[in-house]
Amino acid sequence: MHPAVQKKLQLLADVAWVVFSWTPQQVWKRLPLRAAAIGVLVIAVGITVSLQGSDVPAHGEGAGDPSTSDSASEQPVFNPPPAPEPVLDNDELTALIGEYVADKGDIHCSVYVSVGDESFEYDADRHYDTASIVKVDILATLLYQHERDGTSLSSRQRTLAKKMITASDNKATDELYGDIDGPHGLKAANKAFEMTDTEAGWDWGTVKTTARDQVALWRAVMTEGVLGAESVAYLRELTGSVVGWQAWGVSAAAGESDVTMLKNGWDTRTSIGGRWVVNSVGLIERMDGRAVYLAILTDNHGDYDAAVDVVEGLAALVGAQI
3 MHPAVQKKLQ LLADVAWVVF SWTPQQVWKR LPLRAAAIGV LVIAVGITVS
53 LQGSDVPAHG EGAGDPSTSD SASEQPVFNP PPAPEPVLDN DELTALIGEY
103 VADKGDIHCS VYVSVGDESF EYDADRHYDT ASIVKVDILA TLLYQHERDG
153 TSLSSRQRTL AKKMITASDN KATDELYGDI DGPHGLKAAN KAFEMTDTEA
203 GWDWGTVKTT ARDQVALWRA VMTEGVLGAE SVAYLRELTG SVVGWQAWGV
253 SAAAGESDVT MLKNGWDTRT SIGGRWVVNS VGLIERMDGR AVYLAILTDN
303 HGDYDAAVDV VEGLAALVGA QI
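Each residue of the sequence shown is one higher than the one before, starting from 3 at the first, in this note's numbering.
It is worth saying that the hints were derived from the structure and are not from the lab.
It should be emphasised that the depicted structure is a prediction, and the values quoted were computed from it without experimental measurement.
Don't take each hint at face value.
[Unchecked claim] List time: in silico DSSO-like cross-link candidates among lysine-lysine, alpha-carbon distance up to 30 Å:
{"no.": "1", "residue 1": "Lys165", "residue 2": "Lys189"}
{"no.": "2", "residue 1": "Lys165", "residue 2": "Lys193"}
{"no.": "3", "residue 1": "Lys164", "residue 2": "Lys210"}
{"no.": "4", "residue 1": "Lys210", "residue 2": "Lys193"}
{"no.": "5", "residue 1": "Lys164", "residue 2": "Lys193"}
{"no.": "6", "residue 1": "Lys173", "residue 2": "Lys189"}
{"no.": "7", "residue 1": "Lys165", "residue 2": "Lys210"}
{"no.": "8", "residue 1": "Lys210", "residue 2": "Lys106"}
{"no.": "9", "residue 1": "Lys193", "residue 2": "Lys173"}
With the hints as constraints, model all of the structure from the sequences given.
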């Protein structure tokens, strides 16, 4: 064998021993070094093949004979770890929700979940009266208008906003809904929030919305973008400070160490024979860094307590998936 070829083959053998003698744990710790070593390995193989195919004179008989020449072994391929499995199993969750509500009477329910780039929907485009979940939309609209005009909330508005969100005070909501010019202000802001299926009127409690649109709202106003950092922080502070007896619903999907922000709505409606509309919308920030946006809208309940149980049961089903 030609000395140059022999030298390159020895280099090839040395590099291969270094690269492929590590344990899997060492591979991950030394991944940059492994990449560099593989680069040297590739160069060595190329040089060896080049020298073997050149016209360099060989020592000894049979040199250049394909039956007696050395050949580089095939390089192993490094396979990266597989992509993580999807968080949401849509088929399974659809089946679970269907089974859960099957024995709950003639109620209606819609669910929309968004986790990163994944989403799940269950009858998510059905319209419901908002009841008090619209109060987040009203406050977000007020903040949006102040940012647009270069102004700030007055002390009066801050007092009313706290009552409206943390204690679901209806009189405070009446005043602030007037401040934003009612449905006109709400519709304009909702375009900026990319809500496409919410119908506003002067009676804020009967604004029509969908589970999909509610998640769109929360995604728009709970992170910087449409609203600035100060407005987002204010919304997060209030929705994270709802009084204890109103903190049901979406919170049933959260773990003990998760952070939950939410707003619930509940009321009877003559349009459905005096039966209950009960809704819950919110954001759960998981300990692993994931943000879970969840909207559960329901109606046609005969009893408030039973309705809350249904909403929390649906939230728990989602929580078990994520």
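For this session: Check each numbered hint against the structure and report the violated ones by number, ascending.
Result: Violated hints: none; all satisfied.
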